[in-house]
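Asks: Model the full assembly from the supplied sequences, consistent with the hints where possible.
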Amino acid sequence: MRRPIAISLAFLAAVPLLAGVAGLPVHGDPSAPVHTHVSARYIEHGVEEAGASNLVTGVLLNYRGLDAAGEVTVIFTALIAVLAVLTVASTRDADASNHDGRVRRSDADRRHPDHPVSPIVHFVVRLIAPFTALYAAYVILHGHVTPGGGFQGGAILGGLFIALTMVLGKERTRPLVRPVLAPWMQGAAVLTFAAVGAVGALLTGVYLGFPVDPSLRIVRDLMLIALEVGIALGGAAVLAMIFLQMEAS
Amino acid sequence: MIGVGDIRFATIVVLAAAGAAFFLLGTVGLLRLPDFFSRVHAATKCDTVGAGLLLTALIVLNGAEPSTAKIIVLAGLVLLSSPTTGHALARAAHRTGLVPWHAEEE
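As you go down the protein sequences, you meet chains C and R in turn. Just so we're aligned, residue 1 is where the first sequence starts under this note's numbering, counting upward by one. Just so we're aligned, residue 1 is where the second sequence starts under this note's numbering, counting upward by one.
It should be emphasised that the hints constitute simulated quantities derived from the structure, not laboratory data. Wrong hints could be hidden among the right ones.
[Claimed, not checked] Computed footprint of chain C on chain R, listed as stretches where at least three residues anywhere in the stretch have a Cβ under 8 Å from a Cβ of chain C:
| hint | stretch |
| --- | --- |
| 1 | 74-81 |
| 2 | 84-94 |
[What the hints assert, rightly or not] What follows is a list of derived Cβ distance ranges for each label pair:
| hint | chain 1 | residue 1 | chain 2 | residue 2 | range |
| --- | --- | --- | --- | --- | --- |
| 3 | C | Y138 | R | P83 | 23 to 31 Å |
| 4 | C | A248 | R | R32 | 34 to 42 Å |
| 5 | R | P83 | C | E48 | 27 to 35 Å |
| 6 | R | P83 | C | P130 | 39 to 47 Å |
| 7 | R | R95 | C | I80 | 29 to 37 Å |
| 8 | R | P34 | C | P4 | 45 to 53 Å |
| 9 | R | E104 | C | V74 | 49 to 57 Å |
| 10 | R | H41 | C | S8 | 48 to 56 Å |
| 11 | C | A198 | R | A92 | 30 to 38 Å |
We treat Cβ as the ideally placed atom computed from N, Cα and C, and that holds for glycine.
Replies: Below is the structure:
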């Protein structure tokens, strides 16, 4: 019974999506809006209108802010789905290895203290970790000026957490994220978009609108930076969470 | 008449060509060598020597500019991280019991 329902739901979701794709201009069509006026507008007025010297950030967070908000919601939803699957898999594996002592022992062997982390990896990861953290902060906070931004910086931050966890062990890196804060960090990107969107609604009357008035320039910059930080924290938390869950299973 | 500019240009060409050659050989090795260990060995040559030589070529090309410092830092990072990655991969494979490939004895 569940399978026919799932199939019909998938069809119901696919039909409007396919209809939407069918309505898009043909790829490479010279008369598509993107070639006639959209790109030109971005390049000509993007920096003053969107408030970011980096046009990519301007388009991503300002012109297509709603699109980016949807994107981080998709990532967050994917995290929930992945965690749900991994948690089920890890409980099932634990059950299976209880019945088969051999599997369990070989599992334990891999984490035996006789097999410590390579001293080379240990040294190099610890050597470059502070520089990696600094670079992540630069990529996140400078993302509206130079290439980079929340998604990229968040990936660096998440990778750093994973490398440190592999080298130092979970006991050392787990206290970095307090259990109370963990869910908030996982939802950071979605929550930040909601908050910045609300601020934009108060200031301009449009959800996720950015003030264009020159006197509110600093507000607009802060809104952009808040979005970058939120995306980065959320992205890093998603990567770290999936890694920790995979290690547990 | 060969000037300083010519020598500089020739150095850049030689360094970049050597770097590209390492990438080509490393890629061939990655595709053609028989087992995990030899493939890792080949692949890390690209990242270490290949990228190292290309970045050195960029340093010469860029000259005494502030942005050259960034390339030097980048080269240092590559020279540090990529051999470590190769080492970690090979060690993990060895630890999990992967047996290196041997030519069959006659």
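Asks: Compare the structure with each hint and give your call.
Replies: Here's how the hints hold up against the structure:
1. Check on the stretch 74-81 of chain R: 3 of its residues sit with their Cβ under 8 Å from a Cβ of chain C, so the three-residue criterion for coverage holds.
2. By the rule of at least three residues with a Cβ nearer than 8 Å to a Cβ of chain C, the coverage given for the stretch 84-94 of chain R holds, with 4 such residues.
3. Roughly 25 Å separates the CB atoms of C:Y138 and R:P83, a value that falls within the hinted 23 to 31 Å.
4. For C:A248 paired with R:R32, a C-beta distance near 38 Å keeps the hint of 34 to 42 Å intact.
5. For the pair R:P83 and C:E48, the beta carbons lie near 47 Å from each other, so the given range of 27 to 35 Å is not met.
6. Taken as a hint, the range 39 to 47 Å is violated for the pair R:P83 and C:P130, whose Cβ atoms sit roughly 20 Å apart.
7. Distance hint for R:R95 and C:I80: a CB-CB separation of about 34 Å, consistent with the stated range 29 to 37 Å.
8. The hinted window of 45 to 53 Å between R:P34 and C:P4 holds, with their beta carbons roughly 49 Å apart.
9. Range check, R:E104 to C:V74: Cβ separation about 52 Å, and the 49 to 57 Å hint holds.
10. At about 53 Å, the beta-carbon gap between R:H41 and C:S8 stays in the expected band of 48 to 56 Å.
11. A C-beta distance of roughly 47 Å is found between C:A198 and R:A92, which places it outside the suggested range of 30 to 38 Å.
This entry does not satisfy hints 5, 6, 11, going by the numbered hints stated previously.
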